[in-house]
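2 protein chains.
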Amino acid sequence: MAPIAFETVAECPFTRARAGLLHTPHGAIETPVFMPVGTQATVKGLTQRDLAEELGVRILLANTYHLYLRPGHELIRHMGGLHRFMSWPNAILTDSGGFQVFSLSGLRKITADGVVFQSHLNGDLHTFTPESTVDVQLAFGSDILMVLDECPEYPVSHEYARESMHRTLSWARRADEHYRLKTAESPARHALFPIAQGSMFPDLRRECAAALVDLDAGGYAIGGLSVGEPRPLSMEMVEATEPILPRNRPRYAMGVGMPAELPEYVARGIDMMDCVLPSRNARNGYLFTSRGRIIIKHARYKDDPRPLDENCRCYTCTRYSRAYLRHLFLSGEILYAVLATRHNLRRYLDIMGEIRHAIISFSFPEYLRCVRSASTDAE
Amino acid sequence: MAPIAFETVAECPFTRARAGLLHTPHGAIETPVFMPVGTQATVKGLTQRDLAEELGVRILLANTYHLYLRPGHELIRHMGGLHRFMSWPNAILTDSGGFQVFSLSGLRKITADGVVFQSHLNGDLHTFTPESTVDVQLAFGSDILMVLDECPEYPVSHEYARESMHRTLSWARRADEHYRLKTAESPARHALFPIAQGSMFPDLRRECAAALVDLDAGGYAIGGLSVGEPRPLSMEMVEATEPILPRNRPRYAMGVGMPAELPEYVARGIDMMDCVLPSRNARNGYLFTSRGRIIIKHARYKDDPRPLDENCRCYTCTRYSRAYLRHLFLSGEILYAVLATRHNLRRYLDIMGEIRHAIISFSFPEYLRCVRSASTDAE
Numbered sequence: 001m002a003p004i005a006f007e008t009v010a011e012c013p014f015t016r017a018r019a020g021l022l023h024t025p026h027g028a029i030e031t032p033v034f035m036p037v038g039t040q041a042t043v044k045g046l047t048q049r050d051l052a053e054e055l056g057v058r059i060l061l062a063n064t065y066h067l068y069l070r071p072g073h074e075l076i077r078h079m080g081g082l083h084r085f086m087s088w089p090n091a092i093l094t095d096s097g098g099f100q101v102f103s104l105s106g107l108r109k110i111t112a113d114g115v116v117f118q119s120h121l122n123g124d125l126h127t128f129t130p131e132s133t134v135d136v137q138l139a140f141g142s143d144i145l146m147v148l149d150e151c152p153e154y155p156v157s158h159e160y161a162r163e164s165m166h167r168t169l170s171w172a173r174r175a176d177e178h179y180r181l182k183t184a185e186s187p188a189r190h191a192l193f194p195i196a197q198g199s200m201f202p203d204l205r206r207e208c209a210a211a212l213v214d215l216d217a218g219g220y221a222i223g224g225l226s227v228g229e230p231r232p233l234s235m236e237m238v239e240a241t242e243p244i245l246p247r248n249r250p251r252y253a254m255g256v257g258m259p260a261e262l263p264e265y266v267a268r269g270i271d272m273m274d275c276v277l278p279s280r281n282a283r284n285g286y287l288f289t290s291r292g293r294i295i296i297k298h299a300r301y302k303d304d305p306r307p308l309d310e311n312c313r314c315y316t317c318t319r320y321s322r323a324y325l326r327h328l329f330l331s332g333e334i335l336y337a338v339l340a341t342r343h344n345l346r347r348y349l350d351i352m353g354e355i356r357h358a359i360i361s362f363s364f365p366e367y368l369r370c371v372r373s374a375s376t377d378a379e
Numbered sequence: 001m002a003p004i005a006f007e008t009v010a011e012c013p014f015t016r017a018r019a020g021l022l023h024t025p026h027g028a029i030e031t032p033v034f035m036p037v038g039t040q041a042t043v044k045g046l047t048q049r050d051l052a053e054e055l056g057v058r059i060l061l062a063n064t065y066h067l068y069l070r071p072g073h074e075l076i077r078h079m080g081g082l083h084r085f086m087s088w089p090n091a092i093l094t095d096s097g098g099f100q101v102f103s104l105s106g107l108r109k110i111t112a113d114g115v116v117f118q119s120h121l122n123g124d125l126h127t128f129t130p131e132s133t134v135d136v137q138l139a140f141g142s143d144i145l146m147v148l149d150e151c152p153e154y155p156v157s158h159e160y161a162r163e164s165m166h167r168t169l170s171w172a173r174r175a176d177e178h179y180r181l182k183t184a185e186s187p188a189r190h191a192l193f194p195i196a197q198g199s200m201f202p203d204l205r206r207e208c209a210a211a212l213v214d215l216d217a218g219g220y221a222i223g224g225l226s227v228g229e230p231r232p233l234s235m236e237m238v239e240a241t242e243p244i245l246p247r248n249r250p251r252y253a254m255g256v257g258m259p260a261e262l263p264e265y266v267a268r269g270i271d272m273m274d275c276v277l278p279s280r281n282a283r284n285g286y287l288f289t290s291r292g293r294i295i296i297k298h299a300r301y302k303d304d305p306r307p308l309d310e311n312c313r314c315y316t317c318t319r320y321s322r323a324y325l326r327h328l329f330l331s332g333e334i335l336y337a338v339l340a341t342r343h344n345l346r347r348y349l350d351i352m353g354e355i356r357h358a359i360i361s362f363s364f365p366e367y368l369r370c371v372r373s374a375s376t377d378a379e
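Protein chains in written order, with my numbering: chain A, 1 to 379; chain B, 1 to 379.
Careful, some of the hints might be misleading.
[What the hints assert, rightly or not] Now the in silico label distances, taken between C-beta atoms and shown as ranges:
1) A:Pro89 x B:Pro155: 54 to 62 angstroms
2) B:His78 x A:Gly80: 48 to 56 angstroms
3) A:Glu153 x B:Ile295: 38 to 46 angstroms
4) B:Ala374 x A:His120: 38 to 46 angstroms
5) A:His120 x B:Pro155: 45 to 53 angstroms
6) B:Pro25 x A:Glu310: 55 to 63 angstroms
7) B:Glu74 x A:Leu107: 49 to 57 angstroms
8) B:Asp124 x A:Asp135: 56 to 64 angstroms
9) B:Glu177 x A:Val276: 25 to 33 angstroms
10) A:Glu310 x B:Ile295: 28 to 36 angstroms
11) B:Gly292 x A:Glu74: 45 to 53 angstroms
[To be verified] Over 10 angstroms on every C-beta distance to chain B, these chain A residues come out as not near it, computed from the model:
12) Ser170
13) Asp203
14) Pro232
15) Val276
16) Thr289
17) Gly292
18) Asp303
19) Glu310
20) Glu333
21) Ala337
[As the list claims (entries may be wrong)] Below are the DMTMM-like pairs computed for lysine to aspartate or glutamate, each with C-alpha atoms no more than 20 angstroms apart in a straight line:
22) B:Lys302 x A:Glu74
23) B:Lys109 x B:Glu74
24) B:Lys297 x A:Glu153
25) A:Lys109 x A:Glu153
26) A:Lys109 x A:Glu74
27) B:Lys297 x B:Glu310
28) A:Lys109 x A:Glu185
29) A:Lys44 x A:Glu54
30) A:Lys302 x B:Asp113
31) B:Lys44 x A:Asp50
32) A:Lys182 x A:Asp216
33) A:Lys182 x A:Asp113
34) A:Lys297 x B:Glu74
35) B:Lys182 x B:Glu131
36) A:Lys44 x B:Asp50
37) A:Lys182 x A:Glu74
38) B:Lys44 x B:Glu30
39) B:Lys182 x B:Asp113
Hint data in this document are derived by calculation from the structure and do not stem from the laboratory. All residues carry an ideal CB built from backbone N, CA and C; glycine is no exception.
Working from the sequences, and respecting the hints, build out all of it.
Structure, rendered in structure tokens:
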């Protein structure tokens, strides 16, 4: 079996949804899966024990851009790799850093070779090439590596999108070649996923996906979504891309989405997602519950003795009231972030669990209908 | 048995140290005890489960000044009291707010009646009287309440210290009377501790203590220490005060101290201590270990794979390296505060456990000698 192998467990007869198992050197992962984001080798506010034991997280995402700048990939390699450095027993996917280079850093210059960018920490200049980001991620020892891609902003012209997509393609081929060369030296314990781009143009999305399939990668990502476009357009891009990707490989929609969108992506054949929303929104006072959102600073929660979500079994909901959480939020207390993040992540993981259960029990279309009618009712 | 009763379990034959049990409506507490500080109804960075189950904390301190201003004692009363509001099953001691009024608020004016002060949150004017702070703490439902005192800065003249001490005494009498009146209506489930003051003048300390003993309180505190005076002077003040306090009551040294000072206070007859040092220093990157301090930002820890303290059994030390903690600290990550606070508190609680064990096994003088020689060697 390949180090990263995907196995389909059940398929929905009416949608593109499927339930699977993604086997990695750090354990098997039930899909569809939501991957919490651990940007700087930590999911903000949670211990690794909270994540692995309490929330049951089997894979998380870390950011190559951030960890390359600080503490540096050589230090992480020296410390025995990212799993050991951050004391994380389960799987890790690292992005290529492309998205951060295009969204976070100040000055940046795209060349055929790669991208020169300025660190957001101290202004130093650095270069990422398709080869170098593979090397950085190999130093991390990530289970799943991502290729360097260009993530164009929204909107861009068809002309620019085409040029950018071809650059992403050429980078993917170079990254793949470099990766095969590097891992030929030692038994491969990883997989490298290329990223389909093409902005909001279905023809470019199709062209990109078709060309990437030639790489016979362990999995494929769809990037460039949630960059400001209307949501129906994101879904259209997935619908254009996904049927071209091999059915026996996991598909990863990068950086999505809101709770009600998760089953929509799954219905379109997506197996993996990641997003900062549950953790970032938690810290900003925006909480997801099975009955809609709660903005915790609102005065109505001042003396509300109820848990955030009566249907939730997370530590926060079994032990603390909305009134106490509001107090912690208004006081700027660390415990607020700790408890709120724990709840929001639990909510996302519960949704994924419900989705998987629905697929396996052949009730996914009904589940999807319920989510759609609930989100039409809400707000 | 009184709601708050103190029982001596063992006494050191050579020092004033003793091991005891402090019985409260929320459980028995082994003394000497260090009480973590939960200023705003949370010990910064730790969940109540971390505190109670992992660290074994049996009593914590919360701040009347902060909770009176936000969320307010009436809200807390309405929510069923502080234990329920913050979901804390064990004992709570609240201070009177005096120390914060004198150190945190901007404008403040002492009158015979009490003290008028400005909120550090929004500048609003408020008044604390000996009676009102008892009422606020009764609204909290604290197990141990403290009387309003004046905590003079250091240094002050003998004349000012005398005047201030007499004000504190008169406030203590008023608070005591008010407390007895209020709790006469319902079965008392609390104790009110008066606070001995007198700045750095042994004669005033003795006069104050002797007068407070007449109140026949459930316990006594020594306040006004660690306000900038040299440490030998703090010890001298405890030595002047403590022999006057009844031996069958717990004695609480407020706001102390550094790790090596803890057994010094115990040797002088102190049973209870609290301090923000372990938690605040943790957040500032200053960590206490059984082999001295660690300033985590130092470059020497950059690739140090060792735990903070090889002798420590806390979650942080059993799972994370100095290198990872340093990375989290430099990245300003919440997890740093979470892990560092957990370790520093564990260190303080371990020291108290060692002290208690030494007293019970009649080896406390030897233990004290070891601590003294180690702290002379260190730094």
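Check: Any of the earlier hints contradicted here, and which numbers?
Finding: 6, 9, 10, 11, 18, 20, 21, 23, 24, 26, 28, 30, 38
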